[in-house]
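S.K.: What follows is each chain in one-letter form.
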Amino acid sequence: MDAIILQVLNGLEKGGAYALIALGLTLIFGTLGVVNFAHGALFMLGAFCAVIMRSLLTYEVATGEVEATAWGTEVAVTTPYVTNLFGDFGNTLIDWAVPVSILLTIPVMLIVGLVMERGLIRHFYKRPHAEQILVTFGLAIVLAELIKAQFGANPIPVPEPAALGGMADFSGIFGSEPGTITYPMWRFVYFLFSAFIILVVFCFLKFTTFGMVVRAGMEDRETVGLLGINIGKRFTFMFAVSAMIAGLAGAMYTPIISPDYNIGMEFLVLSFVVVVVGGMGSLGGAVSAGFLLGLLQSFSAMNEVKAIIPGIDQIIIYLVAIIVLLVRPRGLMGRKGVMET
Amino acid sequence: MSLIKKNLDRRGVLKGSAAAGLAAPMFFNGSAFAEGENYLNAPKGKSVTFGFNVPQTGAYADEGADELRAYKLAVKHLNGEGDGGMMNTFKPSNLKGNGILGKKVEFVTGDTQTKSDAARSSAKKMIEADKAIMITGGSSSGVAIAVQSLCQEAGVIFMAGLTHSNDTTGKDKRANGFRHFFNGFQSGAALAPVLENAYGKDRKAYHLTADYTWGWTIEQSISEATQAKGWETVETVRTPLGAGDFSQYLTPVLNSGADVLVLNHYGKDMVNSLTQAVKFGMRDKQVNGKDFTIVVPLYSRLMAQGAGENVKGIFGSTNWHWSLTDDGSKAFVKSFGQEYGFPPSQAAHTCYVQTLLYANAAETAGTFNPCGIVEALEDFEFDGLGNGPTLYRGADHQCFKDVLVVKGNENPTSKFDILEVVEVTPAEQVIYDPEHEMFAGGELGECNAGAA
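Chains as they are written, first to last, in my numbering: chain A, 1 to 341; chain B, 1001 to 1452.
Just chain A, with the same shape it has in the complex (with noise of 0.2 Å):
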């Protein structure tokens, strides 16, 4: 029991993380009609945005003093500059460095969206989806190398914060021995994150005006358009607020996954299964998939289950769409008619 309750947990934490970038997958395709393979690329961005904020706040001043080497040359004695300024204030800084990268993550994020939109996507709203898929994909590689060429191919650390580092214990809440069921509470926290973030987005586009304008735009461009409203200025919002979303959701995962260039390719593919089992342009379907696939992933890879089924922990993701795509190929929760010949 204690071993299904933590892959229940595992599974609710990877779903957070692919709703989060399947959300804005979906997003973008339900608005704009464009398949976004770079959609990874800005997970992997706004990774970097807490690697970039980790890097600043911990960036380094000589104290003046000097050290020799092993190979017989010196290097000054170095201390991060807000320790120096602030002293355990800049540690804490140091310390908070990822959600307090939140603050540069959001800004950034919504210009690459805007300046991705403008400058290259919608170029390409009135081609075939084969040709979206190729540029899209060709600015994936791009934005990689050039994050490759400035940080190198290694994975780099970035910690959560002390305080959020250690292990949650839910034992009392099943009534378990203390310490049966215990789960990393960074993982957990970034669970509740996605929830928010989901939820945010949501009320946004259910309880606000612009909202409206968005979700009638999705069933009707034309129609909305006809009634005087600006639905592209809207649209291209849409994209940079996915992108900013993405950014995120990327963010908050560096203490999960030591990003590196090539950690959105990873995440993308997942998140095209996870947006087609729930229906292209579905915004509840991309949710609801995202949990569903992350907890089916994770109960996949139960001792239990693998002897029955050798492997299937690898194929299950996949197995489950082409199901889908079969038997219901609009998706779970698409709209009728997507997909569908």
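Treat the hints as calculated values from the structure; they're not laboratory data. Each hint should be verified, as a subset may be incorrect.
[Claimed, not checked] Derived list of chain A stretches under chain B, where covered just means 3 residues or more per stretch with a C-beta under 8 Å from a C-beta of chain B:
| # | stretch |
| --- | --- |
| 1 | 2–9 |
| 2 | 47–59 |
[As the list claims (entries may be wrong)] Covered by chain B, per the in silico footprint, the following chain A stretches (three or more residues, Cβ under 8 Å):
| # | stretch |
| --- | --- |
| 3 | 68–82 |
| 4 | 122–129 |
| 5 | 301–315 |
[To be verified] Here are the computed lysine-lysine pairs in the DSSO-like style, where the Cα-Cα straight-line distance is at most 27 Å:
| # | chain 1 | residue 1 | chain 2 | residue 2 |
| --- | --- | --- | --- | --- |
| 6 | B | 1131 | B | 1044 |
| 7 | B | 1201 | B | 1285 |
| 8 | B | 1115 | B | 1091 |
| 9 | B | 1044 | B | 1124 |
| 10 | A | 148 | B | 1115 |
| 11 | B | 1171 | B | 1312 |
| 12 | A | 148 | B | 1131 |
| 13 | B | 1103 | B | 1046 |
| 14 | B | 1103 | B | 1124 |
| 15 | A | 148 | B | 1125 |
| 16 | A | 233 | A | 148 |
| 17 | A | 148 | B | 1046 |
| 18 | B | 1201 | B | 1312 |
| 19 | B | 1091 | B | 1076 |
| 20 | B | 1072 | B | 1131 |
| 21 | A | 306 | B | 1131 |
| 22 | B | 1285 | A | 306 |
| 23 | B | 1204 | B | 1229 |
Heads up, the beta-carbon is just placed ideally off N, CA and C, and yes, glycines get one too.
Position chain B against the provided structure of chain A, taking the given hints into account.
M.R.: Same frame as chain A, now just chain B:
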């Protein structure tokens, strides 16, 4: 210092040259391979070209970059530039610092992308278009095995870079291929006694293993070595290469009854699985009345940097480390550090050493003919290259030398000071029979000198 007796009746390496119509004695004689013989890419001018085939893109690009730095340094030293590095400590050596056999060493580079097909393509291009006489490099066993096989078919020498799978000099060994780097079996043989001393005999180990050739052989090697010390292997679980998030594989460990987690992962997988295992509280956990512990059989300092503080106190093994204090290591660290501003990695070390060993073999044989190189390298015993007295065993082209057991440094003094050497396991303790079951199933075959 001899680890085995040289067997003069073993396969005559000259058999490979027989196809070229050469008459030769059945014992080594450098003059038998005089210049002008009929072999692939025989250098005609005043220079000779090496092919450095390393990952310049992909997950191991940083390791590949360090390998390339080492190769360039080796070329510099061979051509008589710089301080000479390990050429000053290498013995017995015929290297003169004027190139090789009077020819200036030049090089071309290829990008393996850590993919077997890309690595084979770039090696093929270097052999066919750039006329490379020797191919070297790689940061993956899958790649090394693929390129080694290509070099055998083409008729050039392959000096493997970082490859740790038993198969490279086991079932996939080739006469034209040589490995200086240690292997999974040797990691197990070196680690098991240290683990027994540190954690006792009564331990239950749970293995998470990267699902490819290297992972399988290291899992078998560590399992068997630790079981021989009394440990029990409670579960072995294969994980997909590049899984990223290992949480679904780590949570079953918590309730498995195991008190040791062995992470048979390398590179990014190691960084991720180790970091996540620590964050799942496994370093602070108590199971069966004992402190839970994690073991990483193959450490790379470059990769360990990605795991940050999570490596502290965790045992593993490594081929070489820059903190060694023998004359060869000190000379190499000084040379490399002054050139690039930081210490070399184990990948850089093995690549530098392989280049010097090839060059010395050519000088000794008096030719670049692959069969002459093979003859000169087989059962060659040397010292001064950082791992103590070393034997290049003729039976499988595997080097036998001391193996380092390391531990994540609890009190690092610099960002390079991530690992500390806790034991230097002597070569005698990690040697094995060439027909050992973990290495059986392949044939070295005959050397191939290719066709001109």
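S.K.: So which hints don't hold here, by number, going up?
M.R.: 2, 4, 8, 11, 12, 16, 17 and 21
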